[in-house]
Amino acid sequence: MSDLETFRAETKAWIEANFPTSLKGSSMGLEGEADDSTKADFETWRQRLAEKGWGAPTWPTEYGGAGVSDPEAKIISQEMAKQGAFNPIPLMAGMGVTMVGPTVLEYGTDEQKAKHLPGIASGEIRWCLGLSEPNAGSDLASLQTKAEVDGDTFKINGQKIWTSGADISQWCGALVRTDSSAKKRDGISFVMLPMDQEGVRTKPIQLISGVSPFCETFFDDARAEKSDLLGPLNEGWSVVKRLLQHERQSQTRARPAGGGGSKPTLQEVAKNYVGTDESGALADSDLRNRLTHHLMDSQAHSLTISRITAEARGQVKVSAAASILKNSATRIAQGKAELTMEIMGSQGVGWEGDNFAPEELENVRDWLWGKAISIYGGSYEVQNNIISKNILGLPENTQKG
Amino acid sequence: MAALTEEQSMLRDQAKSWVTEQFPVQKFREMRDSGVETRFMPETWQGMIEMGWTGILVPEQYGGSGLGYLTFGVVLEEIGRQLTASPLFASAYVGATAVMLGGSDEQKQVILPKIVDGSVILTLAVDEGPRHNPANIALKAEKAGAGYKLSGSKTFVLEGMAATDFIVAASTDDGIKLLHVPADAPGVSREAMSMVDSRGYANVHFDGVEVGADAEMGDAAVLEQVLDCARAGIGAEMLGTASQAFDMTLEYLKTRVQFGQVIGSFQALGHRAAELFGQMELSRSCMEAALQAIDSGADDVPQLASLSKARVGDFIHEMSNQLIQIHGGIGMTDEFDAGFYLKRARVLEAAYGSQAYHRDRYARVMGF
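Keeping their order, the protein sequence lines are chains S and A. Per our numbering, residue 1 is the first one in the first sequence, and the count goes up by one each step. Per our numbering, residue 1 is the first one in the second sequence, and the count goes up by one each step.
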């Protein structure tokens, strides 16, 4: 047996022995919360995962991870999926496991790693990110939230927006201006601060899709320890660039064509609602054509991810193809929601109530929420600026991005 | 670019330098202006034979190198970039594939070495009307003794004037059969089709042409497999042609000055280039996946071949239009090469099924 096969067998056995069967197939809220009946088992499972280091398995063991390789981490999630198990910790930690943690591992001091990473890896400390501001969206570098040195602390004043989960987070990683006289990108720093303090106030934002995890966050003489500055003073822009790369990586996986698992594929949904002609083709030929375009887009996207993975393993230089993945994933996700809605006709535009099936209502919320995909993490247009400038080497646009 | 083996990388480098140094698009222009009937230069074809490209698919026991479809794709892409004209694709790729998939041991032994040494140019004759429709073949092959008697016509036959041999898709009492017919058999006649891309095509007529039982080379299932290989392979050439069009356009965006600045600094054009780049990368993934699927004997070749032909077709269509549009007036002149790429694009799109054909086929394969 190869090392990986041994690892797979051990992983399978450990999950069998430790995953509470009561949680099998149970659903998890968006923030990784459990319902009341399974709360105790849920907490047991979290603790076992945390002790094993499998909340963030690739992190070093000294910081709460398990120090496993990427292929081993993949095996862990595959084996969990096979047994109906799941890892709730990345959701419970907010932005901790996916974005803050990897960036702290790269830029943090040993002291910062020891202080912050174990809480993230165990799912006990939830993190939010204070990046965008009302007047600094796509043009993030024009942010105004100010941090002044005051003794051993920074004194922070300003407003952040789109801080996901700010109202339930314990810590925040914030991008702040520490030198107003420097050029836009040169006077910015990245600080970490606790949310439970007098100078921090949060206010949830309702979206077109209904309730959302987003908040406005107000800093009014909020405090961050000077020792919680991540990376050098006034060099927060390079820290956040890495952070956003971690964000983009987590956004480039489009949902597989037609959904996976027990969910019906999009073409099955279409056949149910629209019907077929005697040859078995979808009765609406225009819809059939556009559905085909969509499924081809989706497969082309998946094949591109596979190609990049193979390039990374092989001897060739990884091509610039990765730069196109966010926009490609965006088109597929938004296109899928629009097609689903069109297929469902008047049943596809319900807002709430028993007249509509759960999957009909779910698609409406997905459709509305999906409009954000081309806005966050560098908008569709900003992505195209990046490709034209950084990948294709075209000159700086008159509108900079 | 797929993660290539050392052998594939070397072949790509060889193809790139040979094509750019010896048979660049300027040579294609000279060929077009010369009016040569075969629509390629003999020295181009001879060079390819000498480099062993005609044997890339053919197993070693029949005189080839058996390097496979992705490897052939690497060469086709470079040829596509400079529009290098030759019967390489029609004979050493499609023709050889048909013999390998449908031929008896004896047919392989007789024909494959001659494809490799270039003494045979074997091309597939399948289309009969203006639209690719291989499921409906009208050309009749009636039983005559132990063999067949063929009556009917084929159109859009690649390298049909240069061909020494045809593989003809014919309708028999037992369904569709592929039949090997020498071009000099009594009753075979042909005339050149002068197409917009200035390459070699023919209408071929079969008027009571008799062949023996040993002419059989497979049935409808083999035809479909051969066509899928052809679709995947022509995708590689198309992507090469389209990639060159992209590179020419990008270069122009960086050098052409209007309103006091290079036009690539205008965001409308920068974003258009970014979108085209995205489509190019997505098409490449489809094309390489289709060729790799053939090499590995995967069962989703039909789906991937249709995906590739449709996606690469969409890309070359848009890219060739943008090549002209972004170059402006100069792109409209015959003196500049852009028109060659536009004209070639449309013929390649029509070959072995258009984008619409393959979207329909893909949907059928996916069950809707």
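If you are wondering where the hints come from, they were derived from the structure by calculation, not from laboratory data. The reader is advised that the hints may include incorrect statements.
[Claimed, not checked] In silico DMTMM-like pairs for lysine to aspartate or glutamate, Cα to Cα no more than 25 Å straight-line:
no. : chain 1 : residue 1 : chain 2 : residue 2
1   : S       : K263      : A       : E251
2   : S       : K271      : A       : D300
3   : S       : K389      : S       : E338
4   : S       : K371      : A       : E37
5   : A       : K254      : A       : D360
6   : S       : K241      : A       : E335
7   : S       : K74       : S       : D179
8   : S       : K146      : S       : D70
9   : A       : K16       : S       : E311
10  : S       : K389      : A       : D300
11  : A       : K27       : A       : E37
12  : S       : K389      : A       : E21
13  : S       : K146      : S       : D179
14  : S       : K241      : S       : D186
15  : A       : K254      : S       : E396
16  : S       : K271      : A       : D360
17  : S       : K389      : A       : E251
18  : A       : K254      : S       : E62
19  : S       : K389      : A       : E37
[As the list claims (entries may be wrong)] Sample of chain S residues lacking proximity to chain A, with all beta carbon distances greater than 12 Å (derived):
no. : residue
20  : A312
21  : I375
22  : E396
[As the list claims (entries may be wrong)] Restraint-style ranges between C-beta atoms, simulated for each label pair:
no. : chain 1 : residue 1 : chain 2 : residue 2 : range
23  : A       : Q22       : S       : G393      : 47 to 57 Å
24  : A       : Q61       : S       : K241      : 52 to 62 Å
25  : S       : T109      : A       : D247      : 27 to 37 Å
26  : A       : D247      : S       : E352      : 51 to 61 Å
27  : S       : P264      : A       : D300      : 19 to 29 Å
28  : S       : K74       : A       : Q22       : 26 to 36 Å
29  : A       : A298      : S       : S209      : 50 to 60 Å
30  : A       : T255      : S       : N234      : 35 to 45 Å
31  : S       : K184      : A       : D300      : 32 to 42 Å
32  : S       : E396      : A       : D247      : 14 to 24 Å
33  : S       : Q347      : A       : S151      : 51 to 61 Å
34  : S       : A320      : A       : P186      : 38 to 48 Å
35  : A       : D247      : S       : S181      : 42 to 52 Å
Heads up, the beta-carbon is just placed ideally off N, CA and C, and yes, glycines get one too.
Structure-based check of each hint:
{"no.": "1", "hint": "K263/S - E251/A", "result": "47 Å, violated"}
{"no.": "2", "hint": "K271/S - D300/A", "result": "23 Å, holds"}
{"no.": "3", "hint": "K389/S - E338/S", "result": "31 Å, violated"}
{"no.": "4", "hint": "K371/S - E37/A", "result": "57 Å, violated"}
{"no.": "5", "hint": "K254/A - D360/A", "result": "39 Å, violated"}
{"no.": "6", "hint": "K241/S - E335/A", "result": "47 Å, violated"}
{"no.": "7", "hint": "K74/S - D179/S", "result": "43 Å, violated"}
{"no.": "8", "hint": "K146/S - D70/S", "result": "39 Å, violated"}
{"no.": "9", "hint": "K16/A - E311/S", "result": "21 Å, holds"}
{"no.": "10", "hint": "K389/S - D300/A", "result": "38 Å, violated"}
{"no.": "11", "hint": "K27/A - E37/A", "result": "16 Å, holds"}
{"no.": "12", "hint": "K389/S - E21/A", "result": "31 Å, violated"}
{"no.": "13", "hint": "K146/S - D179/S", "result": "9 Å, holds"}
{"no.": "14", "hint": "K241/S - D186/S", "result": "13 Å, holds"}
{"no.": "15", "hint": "K254/A - E396/S", "result": "11 Å, holds"}
{"no.": "16", "hint": "K271/S - D360/A", "result": "16 Å, holds"}
{"no.": "17", "hint": "K389/S - E251/A", "result": "14 Å, holds"}
{"no.": "18", "hint": "K254/A - E62/S", "result": "51 Å, violated"}
{"no.": "19", "hint": "K389/S - E37/A", "result": "46 Å, violated"}
{"no.": "20", "hint": "A312", "result": "9 Å, violated"}
{"no.": "21", "hint": "I375", "result": "16 Å, holds"}
{"no.": "22", "hint": "E396", "result": "7 Å, violated"}
{"no.": "23", "hint": "Q22/A - G393/S: 47 to 57 Å", "result": "29 Å, violated"}
{"no.": "24", "hint": "Q61/A - K241/S: 52 to 62 Å", "result": "56 Å, holds"}
{"no.": "25", "hint": "T109/S - D247/A: 27 to 37 Å", "result": "46 Å, violated"}
{"no.": "26", "hint": "D247/A - E352/S: 51 to 61 Å", "result": "53 Å, holds"}
{"no.": "27", "hint": "P264/S - D300/A: 19 to 29 Å", "result": "21 Å, holds"}
{"no.": "28", "hint": "K74/S - Q22/A: 26 to 36 Å", "result": "47 Å, violated"}
{"no.": "29", "hint": "A298/A - S209/S: 50 to 60 Å", "result": "40 Å, violated"}
{"no.": "30", "hint": "T255/A - N234/S: 35 to 45 Å", "result": "38 Å, holds"}
{"no.": "31", "hint": "K184/S - D300/A: 32 to 42 Å", "result": "50 Å, violated"}
{"no.": "32", "hint": "E396/S - D247/A: 14 to 24 Å", "result": "21 Å, holds"}
{"no.": "33", "hint": "Q347/S - S151/A: 51 to 61 Å", "result": "56 Å, holds"}
{"no.": "34", "hint": "A320/S - P186/A: 38 to 48 Å", "result": "57 Å, violated"}
{"no.": "35", "hint": "D247/A - S181/S: 42 to 52 Å", "result": "44 Å, holds"}
Comparing the model with each earlier hint shows violations of hints 1, 3, 4, 5, 6, 7, 8, 10, 12, 18, 19, 20, 22, 23, 25, 28, 29, 31, 34; every other hint is respected.
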